[in-house]
Every structure is written in structure tokens, then in C-alpha cells.
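> Residue numbering for the sequence shown is 1 to 179, as defined by the numbering used here.
Hint data in this document are derived by calculation from the structure and do not stem from the laboratory. Some hints could be false.
What the hints assert, rightly or not - The calculated DSS-like cross-link candidates involving lysine-lysine, where the alpha carbons are at most 25 Å apart (straight line), are:
hint, residue 1, residue 2
1, 155, 84
2, 167, 155
3, 84, 9
4, 104, 9
5, 155, 104
6, 167, 113
7, 104, 84
8, 154, 84
9, 113, 9
10, 154, 167
11, 155, 113
12, 113, 84
13, 154, 113
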Amino acid sequence: MKRESRRMKRMARSHKRKKTSGMNLTSLMDVFTILVFFLLTNTSSNEALEPPKVITLPDSVVEAKPRETVTLMVTDREILVEAKPVIATEEVINSEETIIQAIKDAMILEMDKAITIAQIEQQEIAEEAEEAPEQLPPEVNILADRTIPFSLLKKVMSSCTDAGYTKVSLAVIQKASQG
């Protein structure tokens with residue numbers, strides 16, 4: 001029988017005394033706390049359009065949330081492009097013209113923003129689909145009060161399309177889908 005050295009015995013004794021402690025979860029809980037805080041703060045800002053209090057949007061069953069685009073607001077007093085007043089609503093209603101030059105000019109000034117947004121969205125779609133990007137048209141979202149007559153909206157939409165915006169969307173309040 002071989003004799004073990006004193007050093008080996010001492011190492012064996014100290015090795016037996018050490019108990020392995022369980023996993024330390026403190027840092028893992030810190031990471032999850034930060035993740036929960038991040039998710040809570042970012043999910044509240046998902047709405048692309050926040051309608052102002054002066055406009056009551058119509059209700060509709062929609063399938064997709066609105067994307068960030070150039071916004072045109074029609075209130076009972078005035079028409080605003082990107083929150084800048086353009087023309088009085090009464091003036092547009094009384095006009096015989098189908099295309100309102102003031103709206104068209106304001107929309108042309110915002111065309112760079114619309115094209116930039118379309119390009120960013122086009123790149124995101126291309127990356128997800130792993131395909132060559134296709135050219136997306138400039139887009140405008142129209143926020144109009146539910147009491148605005150359609151003849152006024154028709155003039156506003158005609159002015160937008162004449163300015164080069166080929167995709168026009170009307171903002172609505174999303175209701176739960178039926179079915």
C-alpha cells in the first residue's frame with residue numbers, strides 16, 4: 001500500500017470542505033428587470049399617428065396599423081400639413097377648384113420626407129424578404145374629423161395626388177374585428 005503524501009491528504013480534506021453554492025441569480029434578475037422596463041417603455045410608443053383632440057376620427061375595422069408618413073390634418077377651421085397651417089377649411093369648401101394649389105404646394109415641400117420614409121421602409125421590407133428592393137410610392141395619411149364633408153376630402157385627396165403622392169390613406173380609429 002502506498003503512502004499518500006501529507007500534501008495530498010491536505011488537498012483532499014480542503015476539497016471535501018468546499019461546498020458548491022447554487023447559481024447566483026442576482027445578475028440574471030437585473031437583466032430581466034432592465035428588459036421588462038425597456039419593453040414597457042417602448043410598447044406604449046407604437047402608435048404611428050396620435051390624433052389631436054380637435055379631430056374625432058371615424059371608427060373602422062382595419063387590419064394594419066398606420067405607417068409613419070407625411071400627415072395632413074383636416075379640422076373644422078383649417079387644413080394642416082405636418083402640423084403647419086396651410087389654408088382655411090371654409091376657403092376650400094367654397095372653392096370651385098378640384099385641386100387646391102396651397103395644399104399641393106405644401107405637399108410638394110414635404111415630398112423629400114415622404115421619399116425618405118418610403119426608402120427606409122423599402123429597405124426594411126427588402127431585408128426581411130431577402131429580395132431586391134422595389135420602389136415604394138410616396139404616401140400621405142389624412143386625419144379628418146368624422147363630420148368633414150366628403151366633397152372637402154375629395155379636393156384634399158386630389159391635391160395630394162396631383163402633388164405626386166400616389167398612395168393616400170385615411171386615418172381611422174381601430175375597432176375590434178368582427179368574426
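> Each hint should be assessed against the structure and marked as holding or not.
Here is what the structure says about each hint:
{"no.": "1", "hint": "155 with 84", "in the structure": "holds, 19 Å"}
{"no.": "2", "hint": "167 with 155", "in the structure": "holds, 15 Å"}
{"no.": "3", "hint": "84 with 9", "in the structure": "violated, 85 Å"}
{"no.": "4", "hint": "104 with 9", "in the structure": "violated, 92 Å"}
{"no.": "5", "hint": "155 with 104", "in the structure": "holds, 10 Å"}
{"no.": "6", "hint": "167 with 113", "in the structure": "holds, 14 Å"}
{"no.": "7", "hint": "104 with 84", "in the structure": "holds, 14 Å"}
{"no.": "8", "hint": "154 with 84", "in the structure": "holds, 20 Å"}
{"no.": "9", "hint": "113 with 9", "in the structure": "violated, 77 Å"}
{"no.": "10", "hint": "154 with 167", "in the structure": "holds, 14 Å"}
{"no.": "11", "hint": "155 with 113", "in the structure": "holds, 22 Å"}
{"no.": "12", "hint": "113 with 84", "in the structure": "holds, 15 Å"}
{"no.": "13", "hint": "154 with 113", "in the structure": "holds, 23 Å"}
When the structure is compared with the earlier hints, violations turn up for hints 3, 4 and 9 and for no others.
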